[in-house]
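On the provided structure of chain A, position chain B as indicated by the hints.
2 protein chains.
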Amino acid sequence: MKLIFEQSDLQKSVNISMKAISSSTTMPILECIMIDATAGEIKFISNDMELGIETIVPGEIVEKGSIALPAKTFSEIVKSLPNSTVTVETNEHMTAAITCEKAHFEIPGKPGDEFAYLPVVERDDSVKMTQFSLRQIINQTLFSVGENVGGNKALTGELFKIENGRLQVVSLDSHRVSIRNLGLGTECPDVSVIIPGKTLGEISRLLTGGLEDTVTVYFAKNYVIFEFDCTMVLSRLLEGRFFDVGQLLINDYSTKVEINKQNLVQCIGRASLLVRESDKVPVIFNISDDVVSLSADTAMGSMKEDLEIHKEGKDLVIGFNPKFMIDALRVIDEETITMYFLSSVAPCFIKNDEEGYNYIILPVNIGR
Amino acid sequence: MKLIFEQSDLQKSVNISMKAISSSTTMPILECIMIDATAGEIKFISNDMELGIETIVPGEIVEKGSIALPAKTFSEIVKSLPNSTVTVETNEHMTAAITCEKAHFEIPGKPGDEFAYLPVVERDDSVKMTQFSLRQIINQTLFSVGENVGGNKALTGELFKIENGRLQVVSLDSHRVSIRNLGLGTECPDVSVIIPGKTLGEISRLLTGGLEDTVTVYFAKNYVIFEFDCTMVLSRLLEGRFFDVGQLLINDYSTKVEINKQNLVQCIGRASLLVRESDKVPVIFNISDDVVSLSADTAMGSMKEDLEIHKEGKDLVIGFNPKFMIDALRVIDEETITMYFLSSVAPCFIKNDEEGYNYIILPVNIGR
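Keeping their order, the protein sequence lines are chains A and B. Numbering of the first sequence is given in the numbering used here, commencing with residue 878 and proceeding in unit increments. Numbering of the second sequence is given in the numbering used here, commencing with residue 878 and proceeding in unit increments.
Chain A on its own, in the form it takes in the complex (with noise of 0.2 Å):
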């Protein structure tokens, strides 16, 4: 095999394919990128069984062949190399000759033989969107996917859900739950699949493209292909049954609280400088007429802040764990939020009214 590229276009296909090479395997096939350039075409494999991802990249093809590189050293040695061409060529024992200007490689590699192809999936519904939206929408939820405990492998993913052209993406573990509301705007299939919190935190980091680019999604029986430029990603559905968040959403509430987005982060950071993670002491929000007095009291000291609110309902003082508060405001664009409230002891919502989103996060009882 011989092969030979632009150092950038190596560069930008090794760092999509060591997205999907594990770093703890005891298969060292798995650590390997597979280059198959047997058709007419140059195509970089890597599969960690979980994930899988197939680019094809810009090159010429002098020889045909193949060979499974140790990816680690492979991508450093692309990285390392200067802005010009790159010659990659194995000989008969299967080691590989990496040339560039004067600087020449040599690696060892295995037979593509051994290597784990991706499976080929019936590619049967499918939406498009722009690469834009569906980063944006993963990077909304994916902070509040469940670790694995208790046994439902289904909660550390997020349920992508397509009902009559709108999607759904829903994740939650024990404290809160994130909701985002997306219009696809075409015929799409009805959809409910669970897709690995891991996959999509790859995906939002491979989709860089904006609102004219598109990824498409396929949705198969046990897996979820995502399909944009010249990559192509593979990842398995998790199994299991979400937690069916609609007897959640009551549209119930006493007390409903207008509050400017970026004072409310940064005074709740303020009051966080006092409470350790391993404290459990709450952030109290104490909500009447105009002003919520936000309050914490800890060994390290004690804090109290003032913000200008716009309420409807009762008054209210009510505690939360400060990093769930901030972690959903984050992902809010809009300058001022609205909170809806029941009581000291129910969840929070914090939702705009096109439902395009719907936060809930669990109060610390404060025995109020």
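These aren't lab readings, by the way, just hints derived from the structure by calculation. Mixed in with the good hints there might be a few duds.
Identical chains share a label here; the pair holds if one copy fits it or two copies do between them.
Stated by the list, open to error - Simulated pairs of lysine-lysine, DSSO-like, Cα-Cα distance not exceeding 30 Å:
#1 K920 <-> K979
#2 K1138 <-> K1191
#3 K1228 <-> K979
#4 K1030 <-> K1138
#5 K1157 <-> K1188
#6 K987 <-> K1075
#7 K896 <-> K1200
#8 K1157 <-> K956
#9 K1228 <-> K1188
#10 K896 <-> K1098
#11 K949 <-> K1228
Since the structure is predicted, the reported quantities are computational estimates derived from the model, not experimental observations.
Structure of chain B alone, referenced to chain A:
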């Protein structure tokens, strides 16, 4: 005590004080910044018993007094405040109230009498230089300060030696020596002291000024003092004998090589991709007429690259730990450097004609 500051002034001064706050101490008072406003000015004092910092803070004294505040909490609070007026006021229970706009913090302090004030040191000999020069000369030598092994604590510091108006700074570990010379150009005392590496690291971070800003260095019995802007840093000196580098400084050589520094750095960088720190595999320099051929050969693969040089003297094959070479090359500003070799088992000298610097690196024995 009641003091009023601008948040930006306060934050700057707290940042300076934090450099002498010990993160692991058995004396809780050393985790505090001492605020002393008993006289006509506001001083922040911090002291980790090796390094002491006293800085004068711009601000208004409404009521005189002093208090020691937990440094980390105080620093985080100050950082979190908006850019506005900050009031720090103490009560009879040694609680400090910190108020800025609507934010109000209370943190417990300690009376000043427990605090370890800095010793009063007689300021005998002194030299003045630009902050830029001192910061440079520290950064150009600090990387080869030895670790505390074998009991000679002196080698965890740098030799500062002034003779005939010329400052020589030397650091060394078991593999290399870094020497920088600087003409002070003024009437200077003759001095020879060993300053702890940790002190110099903090000084280099504190000296943010340029060529117009000066720093005065006072040498006293057991102590050195750096005075700049509104800040005074006092450090213990290290006792013991510093290694006499004079015996190493031979001008004899059998091979002299002129080479482009940037190319050499990049090439060593590429070679070292295949060398794990733990392997102790050297990068081989094969020096012949007009060309040095760098190579490395490890379990991960092999690498070879030729660089153009201008050579005088014999051909030579010699091996180096790539990290030591790169450390030295990184702090040399010249575009072209000159390397002097005697044999494959003798140290390599990288120095310039004006003897502004001399980096001495021991080779790795490659058995040739």
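So, going through the hints one by one against the coordinates:
no. : hint            : result
1   : K920 <-> K979   : within (26 Å within a copy, 59 Å between copies)
2   : K1138 <-> K1191 : within (21 Å within a copy, 72 Å between copies)
3   : K1228 <-> K979  : between (60 Å within a copy, 27 Å between copies)
4   : K1030 <-> K1138 : neither (34 Å within a copy, 54 Å between copies)
5   : K1157 <-> K1188 : within (28 Å within a copy, 68 Å between copies)
6   : K987 <-> K1075  : within (28 Å within a copy, 48 Å between copies)
7   : K896 <-> K1200  : both (28 Å within a copy, 29 Å between copies)
8   : K1157 <-> K956  : between (44 Å within a copy, 23 Å between copies)
9   : K1228 <-> K1188 : within (15 Å within a copy, 73 Å between copies)
10  : K896 <-> K1098  : within (23 Å within a copy, 58 Å between copies)
11  : K949 <-> K1228  : neither (44 Å within a copy, 36 Å between copies)
When held up to the earlier numbered hints, the structure conflicts with 4, 11 and fits the remainder.
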